[in-house]
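Peer 1: Here is what each chain is made of, one letter per residue.
2 protein chains.
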Amino acid sequence: MGSRRNFVKKTAIVGTGLALAPSIALGTNTNYNNKLNVGLIGVGLRGTNHLNNLLLRDDVNVVAICDIDQRRNDIALDMISKAEQTKPKVFGENDYDYRNLLASKKVDAVIISTPWLWHTRMAKDSMIAGKYTGLEVSAANTMEECWDLVNTHEKTGTHLMILENVCYRRDIMAVLNMVRQDVFGELVHFRCGYQHDLRFVKLNDGKTAYGKGVEFGEKGISESAWRTQHSLLRNADVYPTHGVGPIATMCDINRGNRFVSISSMASKGIGIHNYIVKNGGKDHPNAQLKFKQGDVITSMIETSNGETIIVTHDCNLPRPYSLGFRVQGSEGIWEVDGNRIYIEGKVEKSHRWDEATPWLDKYDHPLWKKYGVKATGAGHGGMDFFVIQAFIESAKKNIAPPLDAYDAAAWSAITPLSEVSIANNGESQDFPDFTRGNWVKRKPYNWIKDGY
Amino acid sequence: MGSRRNFVKKTAIVGTGLALAPSIALGTNTNYNNKLNVGLIGVGLRGTNHLNNLLLRDDVNVVAICDIDQRRNDIALDMISKAEQTKPKVFGENDYDYRNLLASKKVDAVIISTPWLWHTRMAKDSMIAGKYTGLEVSAANTMEECWDLVNTHEKTGTHLMILENVCYRRDIMAVLNMVRQDVFGELVHFRCGYQHDLRFVKLNDGKTAYGKGVEFGEKGISESAWRTQHSLLRNADVYPTHGVGPIATMCDINRGNRFVSISSMASKGIGIHNYIVKNGGKDHPNAQLKFKQGDVITSMIETSNGETIIVTHDCNLPRPYSLGFRVQGSEGIWEVDGNRIYIEGKVEKSHRWDEATPWLDKYDHPLWKKYGVKATGAGHGGMDFFVIQAFIESAKKNIAPPLDAYDAAAWSAITPLSEVSIANNGESQDFPDFTRGNWVKRKPYNWIKDGY
Chain U
0 MGSRRNFVKK TAIVGTGLAL APSIALGTNT NYNNKLNVGL IGVGLRGTNH
50 LNNLLLRDDV NVVAICDIDQ RRNDIALDMI SKAEQTKPKV FGENDYDYRN
100 LLASKKVDAV IISTPWLWHT RMAKDSMIAG KYTGLEVSAA NTMEECWDLV
150 NTHEKTGTHL MILENVCYRR DIMAVLNMVR QDVFGELVHF RCGYQHDLRF
200 VKLNDGKTAY GKGVEFGEKG ISESAWRTQH SLLRNADVYP THGVGPIATM
250 CDINRGNRFV SISSMASKGI GIHNYIVKNG GKDHPNAQLK FKQGDVITSM
300 IETSNGETII VTHDCNLPRP YSLGFRVQGS EGIWEVDGNR IYIEGKVEKS
350 HRWDEATPWL DKYDHPLWKK YGVKATGAGH GGMDFFVIQA FIESAKKNIA
400 PPLDAYDAAA WSAITPLSEV SIANNGESQD FPDFTRGNWV KRKPYNWIKD
450 GY
Chain Z
0 MGSRRNFVKK TAIVGTGLAL APSIALGTNT NYNNKLNVGL IGVGLRGTNH
50 LNNLLLRDDV NVVAICDIDQ RRNDIALDMI SKAEQTKPKV FGENDYDYRN
100 LLASKKVDAV IISTPWLWHT RMAKDSMIAG KYTGLEVSAA NTMEECWDLV
150 NTHEKTGTHL MILENVCYRR DIMAVLNMVR QDVFGELVHF RCGYQHDLRF
200 VKLNDGKTAY GKGVEFGEKG ISESAWRTQH SLLRNADVYP THGVGPIATM
250 CDINRGNRFV SISSMASKGI GIHNYIVKNG GKDHPNAQLK FKQGDVITSM
300 IETSNGETII VTHDCNLPRP YSLGFRVQGS EGIWEVDGNR IYIEGKVEKS
350 HRWDEATPWL DKYDHPLWKK YGVKATGAGH GGMDFFVIQA FIESAKKNIA
400 PPLDAYDAAA WSAITPLSEV SIANNGESQD FPDFTRGNWV KRKPYNWIKD
450 GY
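In the order they appear, the protein sequences are chains U and Z. With numbering that gives the first Met the number 0 applied, the first sequence corresponds to residues 0 to 451, in that order. With numbering that gives the first Met the number 0 applied, the second sequence corresponds to residues 0 to 451, in that order.
Any given hint might turn out to be false.
No distinction is drawn between identical chains; accordingly, a pair holds when it is met within one copy or between any pair of copies.
Cut-off 20 Å, straight-line C-alpha distance, at most; resulting in silico cross-link-like pairs (SDA-like, lysine to any residue) [to be verified]:
id : residue 1 : residue 2
1  : LYS396    : ASP181
2  : LYS86     : ASP73
3  : LYS105    : ASP282
4  : LYS442    : ARG169
5  : LYS218    : TYR95
6  : LYS86     : VAL335
7  : LYS368    : GLU392
8  : LYS218    : MET382
9  : LYS86     : SER321
10 : LYS345    : ASP68
11 : LYS267    : ASN423
12 : LYS277    : ILE342
13 : LYS369    : HIS379
14 : LYS86     : ASP282
15 : LYS154    : ALA399
16 : LYS345    : ASN273
17 : LYS267    : GLY255
18 : LYS361    : SER260
19 : LYS277    : HIS379
20 : LYS277    : LYS396
21 : LYS81     : LEU54
22 : LYS281    : ILE269
23 : LYS218    : SER103
Please keep in mind that the hints were generated in silico from the structure rather than gathered at the bench. Computed from a prediction, not measured in an experiment: that's the story for all the values here.
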């Protein structure tokens, strides 16, 4: 959603809370024309990417869309019209009109692609409304919100899937396949993170989304309108899931393993300020702001199985993109940087890296083998096809998704926990056990058997 | 030195302590034939490598050697003889015979290349004896020993150089050169570590140094005789200096900056045990041992200038060697893994890595330009030539070396501090200020001006 905060008009439902939300028909799959009826909350750049993938499917009707930026609704309607599909119901009169979308009995499942501060609020409402819920990353901003996701899921019995697309990246799924086939032996250590120069995303001129200007918030548009505020006020890893999600699936977090504790440190934060001075001059009002977020934030996580995971957030300095994955076990190691691998006794030369590509090809995940051609072009190198596929297939059967409310909570908890740790000189923080002990009996999700 | 502990015979000096050490002629440069007279304590594999470099120089006499393994003394004598140089005095009758070497007025400077537990003890004695002291890494094992190095240096006025050869690696010096020329802008974040599969070093068959057997300690030889014990009993980064030394020179630790705090986490430790079981069988007595050292130990260090440094110790799992360097600032980033660099506005394509090689060539350090040809073949790709060069030139002038007692202490303190942090669930530990406040006025060492 674009500029939600610009809308001040509110409907009657605003402020009355969920007690007055329309009555809810629990359970999904009302099977409108034998298809899953999906509603989209947020059809900004991310939401329309999902829309695009939904329009390519023959098992989905997009029956409702909601964005407070009507231009975005128009773009979405145009896409739907060009795909020769039925015009959906449109919402977005005000900040809380999404609740009217949720009240629609026609909607089976909802995909939420809005600014971060709306994620948990909307997901909670959606679960209460009985809609199978897909939620964009990060899922939650605070520890209370992490619990909201879990508790609402448990209370309502409605499923939540965190739509972490990187879990479906081709190399990640090949490595997951290798992990399952014991290629790395017993797992010991991981690295990951979000290392992406976002200065040109966090700041713009209020007209162009990327590349020009040093405005944000009220004067910015697109992501700068809402995302930058988190860099201004929070010294935390505010975006951990692209890195830690894939690692969590490999080491079975919440399914026989769990995050136990975290310790975080932040470097100085100079990148955004420098960018403002360089592109807007030292007299620009934004050059006077003190951005609290450290440029490079490092977190060390310990799991109950004794692995360590190093998570990096590095978004304010000039650097090429890398999620910096490393998977290391008793038999070998894979690193995405340098595209290299070493498996004891199985690589060409002792103590020398092999190129990873032939290994990734050999262990290409069955899902990618099956759907790879279809996935290509779906966005982000095919990942987006798979994450939507998993969501739709799970929602159609109304079964637990591969990446669920407990995953959303545990991964997102890195944000508030890293913030406290940084503020306390790296003091380690305990993760809550969002499964309330159930991680000891929950089984790893079988992505191959279940087909998504 | 090889098997020091095998010698039980002690001379009278043993146990009497330093009070009875021979009287000391403070000051060096007695200028025996206008050359620096060097004594070597420890002529094992590392010591004879230094010897080899010393024998190639025309400004050094090797006047004394000391090893309790007489076979190592014989090898050293043979090297000296083949170089057609005067036979040195030989010591090594027992563990404390090195003190007799230190008592020799003929010796101006001493290089200590012995097992870790002897490093600080010998360096302290050497400084008290007034010998310009070169000490192999790591310099100290405990916090008390870190202070011993500093306090003895201050009390005696004798200089200590920590012989950290990686500070002189060609790529490291080129990057140091880039740092000094502000190519990376304001420094923000660093990574480094010792990532080296040492299982075949820590375990052997008591006959071959590397590659066979699963013995160590009394039944092992070479490094396995003394090094492995540290993996058995200490869950700490026991070998931090190859990584952190070069980074410390780049960010001026103890010279306008200092290490402030550290937080460390250890993964499970399974690598050594697995290696023993695989190569010695599960019934081998060593398969019953519990090695305390985690396989991957990660430390986060915060500096007073607000940089963060991630230091890794990863020596018990199958993996190719890498010190994992990364240098990141406001203008760009260099990573040794992948041999890549990004400098904003100066690389070919925005958001794309450049190959680092042309940059490293362009900023090749003046010292490497001058001595590169000579250095090649000196050991470890030329680094060893330079570290010895710096030591000898500093000792000849009796001036402070580039890497001094404060550096030795600060870098080595990572071992005891990481140990306490790990034992306390990652609780951050404060570094002592070994300079007693002087870091605020100490100037960065000018490696170019001073010529080494």
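Peer 1: Of all the hints given earlier, name the ones this structure violates by number, lowest first.
Peer 2: 1, 3, 4, 5, 6, 8, 9, 10, 14, 18, 19, 20, 23
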